[in-house]
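Can you build the whole structure from these sequences, using the hints too?
By the numbering used here, the letter at position 47 of the sequence shown is numbered 47, and the numbering carries on one by one without gaps.
Keep in mind the hints are simulated off the structure, nothing from the lab.
Model, not experiment: these values are computed from the prediction.
Careful, some of the hints might be misleading.
As the list claims (entries may be wrong) - Computed cross-link-like contacts, DSBU-like style, restricted to lysine-lysine with a CA-CA straight-line distance of at most 35 Å:
hint: 1; residue 1: Lys166; residue 2: Lys75
hint: 2; residue 1: Lys91; residue 2: Lys166
hint: 3; residue 1: Lys91; residue 2: Lys29
hint: 4; residue 1: Lys75; residue 2: Lys137
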Amino acid sequence: MSSTAQAQDASKEGWFVRTGPLGVLFDSKADISVGGGVIPGASADTKDNLTLGFDVGYRFDNNVSLMLTGGIPPKTTLTGTGPLGGVTLGKTYYAPAVLAAQYHFTNFGPRFQPYVGAGVNYTLFFGTSDGAVADLKVNNAFAPVLQAGFEYDIDSKWGVYMDVKKIFLSTTATGTVGGNPARAEVTANPTLLSAGIVYRF
Numbered sequence: 001m002s003s004t005a006q007a008q009d010a011s012k013e014g015w016f017v018r019t020g021p022l023g024v025l026f027d028s029k030a031d032i033s034v035g036g037g038v039i040p041g042a043s044a045d046t047k048d049n050l051t052l053g054f055d056v057g058y059r060f061d062n063n064v065s066l067m068l069t070g071g072i073p074p075k076t077t078l079t080g081t082g083p084l085g086g087v088t089l090g091k092t093y094y095a096p097a098v099l100a101a102q103y104h105f106t107n108f109g110p111r112f113q114p115y116v117g118a119g120v121n122y123t124l125f126f127g128t129s130d131g132a133v134a135d136l137k138v139n140n141a142f143a144p145v146l147q148a149g150f151e152y153d154i155d156s157k158w159g160v161y162m163d164v165k166k167i168f169l170s171t172t173a174t175g176t177v178g179g180n181p182a183r184a185e186v187t188a189n190p191t192l193l194s195a196g197i198v199y200r201f
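Have a look at this one:
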């Protein structure tokens, strides 16, 4: 049997870890109200971030895996738009953990394996800093996730990967402005882009 055929037949079952730079690109908007009244045309932008991401997962066979994604929590800035243009509303740290299942396609040769996945995200918001909004609080939230990417094997242990995840995330932020209650219904919808190295146990 050729080495190529052996590589194709070899099982990839087992644990793996991945790590590399992780970009968080927001596609955000918000409905903002103060004192119970909606501010017409007001919305909010969420600053994109770059951090270090990591995955821990288990490959059940050559096709199916389960992966937990996390990273070093970045800090983002919420900035008003429209009538609130240029106003810093506040800042917050966040940790977007993702648990997703993947299906790997094995008909592209023994080394290159694209995959698709789906799962659930839980984003934890903490360490908020006030801006124009005092007593800022951002609610933790669950969200569905879609995923696609590929891995390229260097050898039986090491490889490289590229990955993209779309998180359909909505949350609520609250606080006060001039002593009046403020509320923002935020649609963040971040895209997570990552690339790095894979190690299989």
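Status of each hint after checking the structure:
With a C-alpha separation of about 19 Å, the suggested pair Lys166 and Lys75 falls inside the 35 Å cut-off, and the hint holds. Proposed proximity of Lys91 and Lys166 is supported: the alpha carbons are some 22 Å apart, at most 35 Å. Our distance criterion of 35 Å between C-alpha atoms is met by Lys91 and Lys29, whose separation comes to about 16 Å. Between Lys75 and Lys137, the direct Cα distance comes to roughly 14 Å. Compliance with the 35 Å bound is thereby established for this hinted pair.
Checked against the numbered hints above, the structure violates none of them.
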